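**Q** These are the residues of each chain, in order.
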Amino acid sequence: MKILVCISHVPDTTSKINFIENNTKLDASGVQYIIGPYDDYALARAVELKELSGASITVLNVGGPETEPTIRKALAIGADDAIRINAFPADSFFVAAQIAEHAKGYDLVLMGRESIDFNGGVVHAMVGEMLGIPSVSPVMKLDIDGTTVKMTKEIEGGKEQVEAALPLVAGCQEPIAEWKIPNMRGIMSARTKPLNVVEPKNVEVTVANKNFELPPAKGAVKMISADNVTELVTRLKTEAKVL
Amino acid sequence: MNTLVFVETSEGKVRKASLEAVAYAHAMGGTTTAVALGKADLSELQAIGKYGASKVIHGSDPRLDNQVIQAYSSVLAKVMQDENADVLILANSSLGTPVAAKVAIKTNASFVSNVTELPNTSSGFMVKRSIYTGKAFAHVEMKNAKKIITIKKNAAELKEVGSNAQVINYTATLNDADFNTKTISSEKATGDILLPEAEIVVSGGRGMKGPEHWGILEALAKALHAATGCSKPVSDMGWRPHHEHVGQTGVKVAPQLYIAVGISGAIQHLAGVNSSKCIVVINKDADAPFFKAADYGIIGDAFEVVPKLTEAILASK
Ligand SMILES: Cc1cc2nc3c(=O)[nH]c(=O)nc-3n(C[C@H](O)[C@H](O)[C@H](O)COP(=O)(O)OP(=O)(O)OC[C@H]3O[C@@H](n4cnc5c(N)ncnc54)[C@H](O)[C@@H]3O)c2cc1C
Ligand SMILES: Nc1ncnc2c1ncn2[C@@H]1O[C@H](COP(=O)(O)O)[C@@H](O)[C@H]1O
Numbered sequence: 001m002k003i004l005v006c007i008s009h010v011p012d013t014t015s016k017i018n019f020i021e022n023n024t025k026l027d028a029s030g031v032q033y034i035i036g037p038y039d040d041y042a043l044a045r046a047v048e049l050k051e052l053s054g055a056s057i058t059v060l061n062v063g064g065p066e067t068e069p070t071i072r073k074a075l076a077i078g079a080d081d082a083i084r085i086n087a088f089p090a091d092s093f094f095v096a097a098q099i100a101e102h103a104k105g106y107d108l109v110l111m112g113r114e115s116i117d118f119n120g121g122v123v124h125a126m127v128g129e130m131l132g133i134p135s136v137s138p139v140m141k142l143d144i145d146g147t148t149v150k151m152t153k154e155i156e157g158g159k160e161q162v163e164a165a166l167p168l169v170a171g172c173q174e175p176i177a178e179w180k181i182p183n184m185r186g187i188m189s190a191r192t193k194p195l196n197v198v199e200p201k202n203v204e205v206t207v208a209n210k211n212f213e214l215p216p217a218k219g220a221v222k223m224i225s226a227d228n229v230t231e232l233v234t235r236l237k238t239e240a241k242v243l
Numbered sequence: 001m002n003t004l005v006f007v008e009t010s011e012g013k014v015r016k017a018s019l020e021a022v023a024y025a026h027a028m029g030g031t032t033t034a035v036a037l038g039k040a041d042l043s044e045l046q047a048i049g050k051y052g053a054s055k056v057i058h059g060s061d062p063r064l065d066n067q068v069i070q071a072y073s074s075v076l077a078k079v080m081q082d083e084n085a086d087v088l089i090l091a092n093s094s095l096g097t098p099v100a101a102k103v104a105i106k107t108n109a110s111f112v113s114n115v116t117e118l119p120n121t122s123s124g125f126m127v128k129r130s131i132y133t134g135k136a137f138a139h140v141e142m143k144n145a146k147k148i149i150t151i152k153k154n155a156a157e158l159k160e161v162g163s164n165a166q167v168i169n170y171t172a173t174l175n176d177a178d179f180n181t182k183t184i185s186s187e188k189a190t191g192d193i194l195l196p197e198a199e200i201v202v203s204g205g206r207g208m209k210g211p212e213h214w215g216i217l218e219a220l221a222k223a224l225h226a227a228t229g230c231s232k233p234v235s236d237m238g239w240r241p242h243h244e245h246v247g248q249t250g251v252k253v254a255p256q257l258y259i260a261v262g263i264s265g266a267i268q269h270l271a272g273v274n275s276s277k278c279i280v281v282i283n284k285d286a287d288a289p290f291f292k293a294a295d296y297g298i299i300g301d302a303f304e305v306v307p308k309l310t311e312a313i314l315a316s317k
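The listed protein sequences correspond, in order, to chains A and B.
Residues 1 to 243 in this note's numbering are what the first sequence spells out, letter by letter.
Residues 1 to 317 in this note's numbering are what the second sequence spells out, letter by letter.
FYI, nobody ran anything at the bench for these hints, they're computed from the structure.
Quick caveat, the model's predicted, so the values are computed rather than measured.
Heads up, some of the hints might be wrong.
Covered stretches of chain A, as calculated for chain B (at least 3 residues, CB under 8 angstroms) [unchecked claim]: (1) 13-23; (2) 125-131; (3) 162-173; (4) 209-222.
Taking lysine-lysine pairs in the DSBU-like style, the calculated list, with each CA pair at most 30 angstroms apart, reads [unchecked claim]: (5) A/K141 with B/K153; (6) A/K218 with B/K222; (7) B/K106 with A/K237; (8) B/K209 with A/K141; (9) A/K104 with B/K153; (10) A/K222 with B/K292; (11) B/K277 with A/K241; (12) B/K182 with A/K150; (13) A/K141 with B/K182; (14) B/K222 with B/K277; (15) B/K106 with B/K55; (16) B/K284 with A/K222; (17) B/K50 with A/K241; (18) B/K106 with A/K104; (19) B/K222 with B/K292; (20) A/K50 with A/K180; (21) B/K188 with A/K159.
Ideal placement from N, C-alpha and C gives every residue a C-beta, glycine not left out.
Hey, can you work out the whole structure from these sequences and the hints?
**A** Okay, structure coming up:
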C-alpha cells in the first residue's frame, strides 16, 4: 500500500502572533515552526499502518525551502521519502490543486483535520473532490480491511461509523494514533532519505489575504471574593449583560 | 444578488447555526433562498422564513437522510446553478465546511471558511476570517464571480425579520457516485444543548478530581441552561466524552459566557475559548494563567464555590 501524508509547516501553538509590513506579513522572528499537530496524528497513523501490514509512506508539503527541517522531521518519524512542492501555500484551493497533482496512484491520502494557521479544514475535501475519491474528516479511528476503510468520524455532539473504499482521503485527529517522537536512528536516516523538490503547476489563486489584524486587547480581570458569589451573578447581569 | 443558504437539520429540527447563516445572508441584502436536505419538519422549514429566507427548497429524498457530504455537495452545486446563485452561505461545521469545499470545486467558486463578519463590498468582495485559532484575523478578497462562505458563530445577529416561507419540494438527481461513503451507525447525545451552539458553557478541568464530581457542574449548567465542556486531559482520561473537550484540538466555542472551573488555562485550551464574550474563571490557585484571559475570577475551591454559585443563580431568577 502507498500512503501519502500531507503536512503543513505552521507556527507552534504557543507562538506569539504578530504582523509586520503594515499588517501584511506574519512576524516570523521568535516563531517556532512545527508539523501541524493534526498532520502529526496523520503521520503517526501512517507509521502504525506500515508497521501493521507494510506500506510505503511519502510526505508532501507545499512550501518554500524554509519548510525542509519540518519535512526532515517527518522523515525521521518514519516516512520513506518526501516531496516538497516549491510554492508559497497561498490559499486552500491552490494547495489542494498542487496536492491533487501528485496524489494520484496513492491508496491512502492522510492529512490533518485542519491546519493550525488558517484553520480551513478544507484541503482534504477539495483534494477528494479533485481526484473523484471519497474524503472523510475528522477521523478519530481508521482501520483498513481489504479495500474497505473503516472509520470513526466526529460530528457535532457525537460520532459516526463510516466506511468507504480505497483510494481515500482522510483528515485525521486524535485519538487516531499516538504521536511518534523521532529516535536517533530515525534522525540519522532522515538525512539521506530522498526529498524531491518539484515546481508547482500553474494554478490561479481564488482568494487573496490583503491584511491581518489582532483581536482587541482584553481588559484586566475583575476578582470577586469566593464568599460573595452573588456579586458575580449581579455583575454578569448588569455589567457584562450575559445572563 | 442571489444568495443560497444551506440549512442543516438534526432530528428534523433546523440547527441554530444555520439560522444564523440565513440571518447573515439576509443582512447581505438581495434575495435569500434556503436549501434543506433530508428529513426535516415542515413547520421548522417554514419558520426559516422568519430569519429572512424568501423561499425554502427541500430535497426530501430519503437517501439524503444520512448526511453524506458527497451527495449534499452535488445537490447544492446543482441548486446553485438552477437558482442562479452568486453566493452560498453555510455554517462552519463538520458537515458544512467539507460540503462547501466540494461545491467550491464543482462551481469554480472562491471559498473562505471561518468568516466572522458580514462582507465588505465597497471595493471587491472582502471578508474577515478568524486565523491562528482565534489569535488573529485576516481580511480576504474573494476573486471569483461565485463565492462560498462558511460562517462562525455570532457572525450575524439572529433576529426575526419576516414570516413563514413557502417550502418547495425539490427532486434531486443523485447517482451512485454521490454515495461514496457509507454511514454504518451514529451515536449522538440527545436532548443536550450542543456545545458549539451553546450561549453559556460550563467547563471543568483536572481540578475537578474525577468524573464522579461532575454533578455540581451539571447542576450549574442546568441552572444556566448551559452546555458542559471540559479540558483535554479530562476527555483523555475518559471522565467526559471526547466531543466535549474544548480547545486547540477540540471544539472551539464562542458563547456569551464561558465558566471555567479547575482549568489552568493552558494556551491550547484558550485557543478554543478566546472568542467567548465573557469568561469567568474559578480556580484555587491565584497564579493560574487562566485568570489573565478572564473577565471575572474567583480564587477558591470548586467544591465550595460552584454549589454556592448555582444557588445564587437559582435565587436570582
Ligand atoms: C498540541 C497540544 C494540543 C492540546 N490541545 C488541548 C485542547 O484542545 N484543550 C485542552 O484543554 N488542552 C489541550 N492541551 C493540553 C494543555 O496543554 C493542558 O495540559 C490542559 O489544558 C490542562 O488541563 P487542565 O487545566 O484541566 O489541567 P491542569 O493543568 O492540571 O490544571 C488543573 C487546574 O485545576 C486547579 N484546581 C485543582 N484543584 C482545584 C479545586 N479543588 N478547585 C478549583 N481549582 C482547582 C489547579 O489550580 C489547576 O489550575 C494540548 C496540549 C498540546 C501539547
Ligand atoms: N501547505 C501544505 N502542504 C501540505 N499539506 C497541507 C498544506 N496545508 C494544509 N495541508 C494539509 O491539509 C490539511 C487541512 O488543512 P486546511 O484545510 O488548511 O485546514 C492539513 O492538516 C494538512 O494535512
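**Q** Against each hint, give a clear statement of whether it holds in the structure.
**A** Quick rundown of the hints versus the structure:
Given as covered by chain B, the stretch 13-23 of chain A passes the check, having 4 residues with a CB less than 8 angstroms from a CB of that chain where 3 are the minimum. Look at the stretch 125-131 of chain A against chain B: 5 of its residues bring a Cβ nearer than 8 angstroms to a Cβ of that chain, three or more, so the hint holds. Three residues within the 8 angstroms Cβ limit are the bar, and the stretch 162-173 of chain A against chain B gives 5, so the coverage statement holds. By the rule of at least three residues with a Cβ nearer than 8 angstroms to a Cβ of chain B, the coverage given for the stretch 209-222 of chain A holds, with 11 such residues.
Note on A/K141 and B/K153: the hinted pairing holds, with a Cα-Cα distance of about 28 angstroms set against a maximum of 30 angstroms. Restraint check for A/K218 and B/K222: satisfied, since their Cα atoms lie roughly 29 angstroms apart, inside the 30 angstroms limit. In summary, the hint linking B/K106 to A/K237 is not supported, as the alpha carbons are separated by about 48 angstroms, beyond the 30 angstroms threshold. The straight-line distance between the Cα atoms of B/K209 and A/K141 is roughly 28 angstroms, inside the 30 angstroms bound, and the hint therefore holds.
Straight-line distance between C-alpha atoms of A/K104 and B/K153 comes to about 37 angstroms, which puts the hinted pair past the 30 angstroms bound. Distance hint between A/K222 and B/K292 is fulfilled; the C-alpha atoms sit about 10 angstroms from each other, no more than 30 angstroms. Using a Cα cut-off of 30 angstroms, the hinted pair B/K277 and A/K241 holds, with the two alpha carbons roughly 10 angstroms apart. With a C-alpha separation of about 10 angstroms, the suggested pairing of B/K182 with A/K150 holds against the 30 angstroms cut-off.
Between A/K141 and B/K182, the direct Cα distance comes to roughly 15 angstroms. Compliance with the 30 angstroms bound is thereby established for this hinted pair. Proposed proximity of B/K222 and B/K277 is supported: the alpha carbons are some 20 angstroms apart, at most 30 angstroms. With a C-alpha separation of about 24 angstroms, the suggested pairing of B/K106 with B/K55 holds against the 30 angstroms cut-off. Proposed proximity of B/K284 and A/K222 is supported: the alpha carbons are some 16 angstroms apart, at most 30 angstroms.
For the suggested pair B/K50 and A/K241, the alpha carbons sit about 26 angstroms apart, so the restraint of at most 30 angstroms is met. Taking the CA atoms of B/K106 and A/K104, the gap is about 19 angstroms. The hint holds against a cut of 30 angstroms. Using a Cα cut-off of 30 angstroms, the hinted pair B/K222 and B/K292 holds, with the two alpha carbons roughly 27 angstroms apart. Taken as a hint, the A/K50 and A/K180 pair is honoured in the structure, with Cα atoms around 13 angstroms apart against an allowance of 30 angstroms.
The suggested pairing of B/K188 with A/K159 holds, with an alpha-carbon distance near 7 angstroms, which does not exceed 30 angstroms.
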